[in-house]
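J.: Following the hints, complete the assembly by docking chain B onto the known chain A.
Heads up: the protein sequence lines correspond to chains A and B, in order. Following my numbering, the numbering of the first sequence begins with 104 at its first residue and continues without gaps. Following my numbering, the numbering of the second sequence begins with 104 at its first residue and continues without gaps.
Hints are computed from structural coordinates only; laboratory data are not their basis. These numbers were taken from a predicted model, which means no experiment stands behind them. All the given hints hold, so there is nothing to weed out.
Derived DSSO-like pairs: lysine-lysine, alpha-carbon spacing no greater than 30 angstroms straight-line:
| hint | chain 1 | residue 1 | chain 2 | residue 2 |
| --- | --- | --- | --- | --- |
| 1 | B | Lys269 | A | Lys280 |
| 2 | A | Lys269 | B | Lys284 |
| 3 | B | Lys167 | B | Lys269 |
Cβ pair distances, simulated, as ranges:
| hint | chain 1 | residue 1 | chain 2 | residue 2 | range |
| --- | --- | --- | --- | --- | --- |
| 4 | A | Ser361 | B | Glu410 | 25 to 33 angstroms |
| 5 | B | Ala363 | A | Glu135 | 56 to 64 angstroms |
| 6 | B | Leu277 | A | Asp441 | 54 to 62 angstroms |
| 7 | A | Glu249 | B | Ala363 | 35 to 43 angstroms |
| 8 | B | Ala363 | A | Asn132 | 53 to 61 angstroms |
| 9 | A | Pro290 | B | Asp310 | 39 to 47 angstroms |
| 10 | B | Ile330 | A | Gly252 | 24 to 32 angstroms |
| 11 | A | Asp396 | B | Asp310 | 29 to 37 angstroms |
| 12 | B | Lys358 | A | Gly252 | 24 to 32 angstroms |
| 13 | B | Pro331 | A | Glu133 | 51 to 59 angstroms |
| 14 | B | His221 | A | Lys358 | 36 to 44 angstroms |
| 15 | A | Glu286 | B | Pro331 | 45 to 53 angstroms |
| 16 | A | Asp285 | B | Ala182 | 31 to 39 angstroms |
From the three backbone atoms N, C-alpha and C, an ideal C-beta is built for every residue, glycine too.
Number of protein chains: 2
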Amino acid sequence: MKGRAMRVAILGATGQVGREFLRILEQRNEMEIGELRLLASARSAGSTMEFRGKKVEVIEVSEKAFEGVDIVLASAGGAISKQWAPVAVKAGCVFIDNSSAFRMEEGVPLVVPEVNGHVLKDHKGLIANPNCSTAQLVVVLKILHELGGLKRVIVSTYQSVSGAGKEGMDELDLQTKALCKDEQHAPKKFQKQIAFNLIPHIDSFADDGYTKEELKVVNESRKILEIPNLPVVCTAVRVPVRVGHSESVLVDLEKKVSVAQVRESLSNSPIVEVWDQPEENIYPTPLDCAGEDPVYVGRIRPDTSSENGINLWVVADNLRIGAALNAVRIAEYMVKHDLVGQKVAN
Amino acid sequence: MKGRAMRVAILGATGQVGREFLRILEQRNEMEIGELRLLASARSAGSTMEFRGKKVEVIEVSEKAFEGVDIVLASAGGAISKQWAPVAVKAGCVFIDNSSAFRMEEGVPLVVPEVNGHVLKDHKGLIANPNCSTAQLVVVLKILHELGGLKRVIVSTYQSVSGAGKEGMDELDLQTKALCKDEQHAPKKFQKQIAFNLIPHIDSFADDGYTKEELKVVNESRKILEIPNLPVVCTAVRVPVRVGHSESVLVDLEKKVSVAQVRESLSNSPIVEVWDQPEENIYPTPLDCAGEDPVYVGRIRPDTSSENGINLWVVADNLRIGAALNAVRIAEYMVKHDLVGQKVAN
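Bound conformation, chain A alone (with noise of 0.2 angstroms):
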């Protein structure tokens, strides 16, 4: 069910995100695209990119570019969002920003469509797109509430170097090919050496202790599930991996549910896939997940620390639900329902 033709802009179009934001929009018929516009800052514009065999040119972001747009999918960090964000809602656009600028602000939508799409019926305008590694987790978790209530939820990431960015997978590449001819490439993107190597800290830290990404996943996750006092706990470690971000979950429920259960539960879900036959080497591993679009999960077994524990292990390709696949299905549910051009902020 398809309805008009959406005039789409990409802001950040020439970053990691931007590009997969492109593949995403070419690969996917969910929505169709009347005219495409691609944004970067002055140092990009006039290159051009490849959208459905045609080039199209970057331009320079601007006031007027936001002009006759519908829809804005925006990941160019936080403080290019923050300038261009009101200015494409003034304009009369849906801006859907990948910055974790405006997630925890009051008012504003932070969706993952398949958890908690019914909230962007409220929207303003702007609409957050929730952190990597959040998105896969509350796919998830939001499957076992449903079947057990969720009481307490422990999670440790093992998350790639696309999460930071082209610089972030260039200094794996680089400091990888030159440690393997026994040459030294200094960290820069990263605070150590990544390669052949973890790293327990992934964005800045807080006073607490915790990293801000670590925090992200705690009040991310209470807000999209709409359990403010969720007991979550997170600890995120960077690894020497390309891209996909894994995650050891161990989630206390209310009430006892079985390993099947939780196995039928997940497979019902149209954006979750089942991967777990342990006796045949079958469970999965980010490099089966990158380029793909569902939510693995894999090795789902009891707790054995209490009685209404259940293990899991979650996959997914941090580019695409974590980051460009989840706004452009928020921008398809929006269109679906008729949620674009309604509303103007106040």
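T.: Chain B alone, transformed into the frame defined by chain A:
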């Protein structure tokens, strides 16, 4: 305080942990070594290894090879240990075994000297060295238990390829080099590609969906800490790191303990180093800890999901505290407490 000079044999001398035994015995000076015998399979016999500047010939393991030996440090796999441990014990040796063959056997002490060295007084010749991921964990758990009483332990591991021996290290190196040249190097030691990937599968799967590696952490921790029903759960994951196991550890305690108290108690341990100044990017990574003796702890913070929880990041060299170093420390403890040559098997 040294005892008499010990006649030491290393069984599995040419393996990854065997070589680490040699390095550690060279570096340490707690136990005087009168004679060092290097034992291996017929295949490796005849080769030589260097110890304190002298070449020592590797000889084939046999009944005769244990004659006159006080202490055997064994790391040649479970099957070899099952074959030779009874022979060595009968010959009057103390047999300190790094394999999992005897760890859970009633009457066999499973020991990290700083945690439960006292159980060695009842030994019957055969002593088990815990699994690598358990050893570094229980050092920290013991201290937390004394502080606040352990209630529940939740662990996710990030384990290096050296835990799978030299073949594991070679596979990561060769696979990485191949991929850097856009070539392939098929997995052989590991179930899947390990370069730029993660594998949530270490050792084989048991019936309940847990791997034996995960169950080792549960069962061995309970035995070493002497808390038979301690709620423990583990997810064990192989990561593309050469040496050094990392663990994201969440501990529920019986009573409230401050981060400052935890930091102080850990700092007081002679075998723990606290690296925990996040504002200066000070926290342990496996690269920092490879080749070092301590158990490193960082990211110490109160749990955001419970009243009395403590969250930590524990890193150590899996070939040292997780294998060779701990075995040598068991030997040193036994020499110091005059427990070598005092007992023989029934």
